[in-house]
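K.L.:
So the chains spell out like this:
There are 2 protein chains.
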Amino acid sequence: MKKITIAAILGITALSLSTGAFAQIKPEEQIKFRKAAYSFASWNMVKIKANLEGTYDAAQVKAAANAIASVAGSGIGALFSPGTEKSIGAEKTFAKPELFQKTADVAKLAGDFAAASNELVAAADSGDAAAVKAAHGKVGASCKACHDQFKLR
Amino acid sequence: MKKITIAAILGITALSLSTGAFAQIKPEEQIKFRKAAYSFASWNMVKIKANLEGTYDAAQVKAAANAIASVAGSGIGALFSPGTEKSIGAEKTFAKPELFQKTADVAKLAGDFAAASNELVAAADSGDAAAVKAAHGKVGASCKACHDQFKLR
Numbered sequence: 735m736k737k738i739t740i741a742a743i744l745g746i747t748a749l750s751l752s753t754g755a756f757a758q759i760k761p762e763e764q765i766k767f768r769k770a771a772y773s774f775a776s777w778n779m780v781k782i783k784a785n786l787e788g789t790y791d792a793a794q795v796k797a798a799a800n801a802i803a804s805v806a807g808s809g810i811g812a813l814f815s816p817g818t819e820k821s822i823g824a825e826k827t828f829a830k831p832e833l834f835q836k837t838a839d840v841a842k843l844a845g846d847f848a849a850a851s852n853e854l855v856a857a858a859d860s861g862d863a864a865a866v867k868a869a870h871g872k873v874g875a876s877c878k879a880c881h882d883q884f885k886l887r
Numbered sequence: 735m736k737k738i739t740i741a742a743i744l745g746i747t748a749l750s751l752s753t754g755a756f757a758q759i760k761p762e763e764q765i766k767f768r769k770a771a772y773s774f775a776s777w778n779m780v781k782i783k784a785n786l787e788g789t790y791d792a793a794q795v796k797a798a799a800n801a802i803a804s805v806a807g808s809g810i811g812a813l814f815s816p817g818t819e820k821s822i823g824a825e826k827t828f829a830k831p832e833l834f835q836k837t838a839d840v841a842k843l844a845g846d847f848a849a850a851s852n853e854l855v856a857a858a859d860s861g862d863a864a865a866v867k868a869a870h871g872k873v874g875a876s877c878k879a880c881h882d883q884f885k886l887r
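As given, the protein sequences belong to chains Z and F, one line each in that order. FYI, my numbering numbers position 41 of the first sequence as 775, with every residue one higher than the one before it. FYI, my numbering numbers position 63 of the second sequence as 797, with every residue one higher than the one before it.
Bound conformation, chain Z alone (with noise of 0.2 Å):
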């Protein structure tokens, strides 16, 4: 799998794409791709929480922020497309399957964490520390929310 994406990046093979940006990718490396983004966004969540409660490194958090920001403004809604509700082989999901039901719900959910990460540049830019805890309160609360309604763990 890896290395067929590889490849793809690369054009090595003869994959093709050119329906749309999103059209190609398969199930079950949708399912891979939105559990790496979030959890690249829990990394740096977590990268910045330590900034927070030890030495504040402005320019780790700035780039900490900013990931989470990228993260946030990414797509990811294309990689919860259907047939991706259940796990697939190895890549396993944890959605519920009314994630797949309530859209709006769920857009809402999105608009929310994309607002909250916005804040959070905007602090980590500002070099505020407390403006950074804040936002980075309002970030965690925002992926709580998503997961306490439509994740299974």
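Mixed in with the good hints, there may be bad ones.
Since copy identity is lost for identical chains, a pair holds within one copy or between any two.
Unchecked claim - Using 30 Å as the maximum straight-line C-alpha spacing, the simulated DSBU-like pairs for lysine-lysine come out as follows:
hint: 1; residue 1: Lys-820; residue 2: Lys-830
hint: 2; residue 1: Lys-867; residue 2: Lys-760
hint: 3; residue 1: Lys-885; residue 2: Lys-867
hint: 4; residue 1: Lys-760; residue 2: Lys-796
hint: 5; residue 1: Lys-842; residue 2: Lys-867
hint: 6; residue 1: Lys-760; residue 2: Lys-872
hint: 7; residue 1: Lys-842; residue 2: Lys-796
hint: 8; residue 1: Lys-836; residue 2: Lys-826
hint: 9; residue 1: Lys-867; residue 2: Lys-878
It is worth saying that the hints were derived from the structure and are not from the lab.
Got chain Z sorted already, so can you dock chain F onto it with the hints?
P.N.:
What follows is chain F alone, placed relative to chain Z:
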């Protein structure tokens, strides 16, 4: 694992990360997070390729380029601490043992990835698809160069 991470983010647990931003990330989480980071970059590389081969959406390409650069700038080297050389339980790593020894070579490759990613962001910001294509190729080549030397598959 996931619940612990989210709890840590939200400050629900007493988990302390006070000794530094990266110090307290468990080895198995380091493996998970580093794979997630590269996987997130990979998805964004695929998105840009699709834009180059299909309809070019400048906003999506900019977001994807920024996402890739956010991975390159995330301090991912901190997720290759001693104790993460081999798979830990369900967290499989495909890093070759040499990666943990040839640190100067790895640093050079990581620098190439970061430089190419920054070029990609600049190209995406310019909206010049030809420049994006060239920079995307450079980023892909930097991925491949590291995989060829330091990845088992």
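K.L.:
Hint by hint, say whether it matches the structure.
P.N.:
Structure-based check of each hint:
Taking the closest pair of Cα atoms, Lys-820 and Lys-830 come within 30 Å of each other only inside a single copy of the chain (9 Å); across copies the shortest separation is 32 Å, beyond that limit. Taking the shortest Cα distances, Lys-867 and Lys-760 sit within 30 Å of each other only across copies (23 Å), while inside one copy they are farther apart (38 Å). In this assembly of identical chains, Lys-885 and Lys-867 lie within 30 Å of each other by CA distance solely inside one copy; the values are 25 Å within and 37 Å between copies. Taking CA atoms no more than 30 Å apart as the test, Lys-760 paired with Lys-796 passes between copies only; the shortest distance there is 23 Å, against 33 Å inside one copy.
Taking CA atoms no more than 30 Å apart as the test, Lys-842 paired with Lys-867 passes inside one copy only; the shortest distance there is 23 Å, against 34 Å between copies. Taking identical chains as interchangeable, the C-alpha atoms of Lys-760 and Lys-872 lie at most 30 Å apart only when they sit on different chains, with a minimum of 25 Å there against 33 Å within one chain. Proximity of Lys-842 to Lys-796 under the C-alpha cut-off of 30 Å is found in both arrangements, the shortest distances being 26 Å within a copy and 24 Å between copies. For the homomeric pair Lys-836 and Lys-826, the shortest alpha-carbon distance inside one copy (21 Å) is at most 30 Å, but the shortest distance between copies (34 Å) is not.
Proximity of Lys-867 to Lys-878 under the C-alpha cut-off of 30 Å is restricted to the intra-copy arrangement: shortest distance 16 Å within a copy versus 38 Å between copies.
The structure agrees with every numbered hint stated previously.
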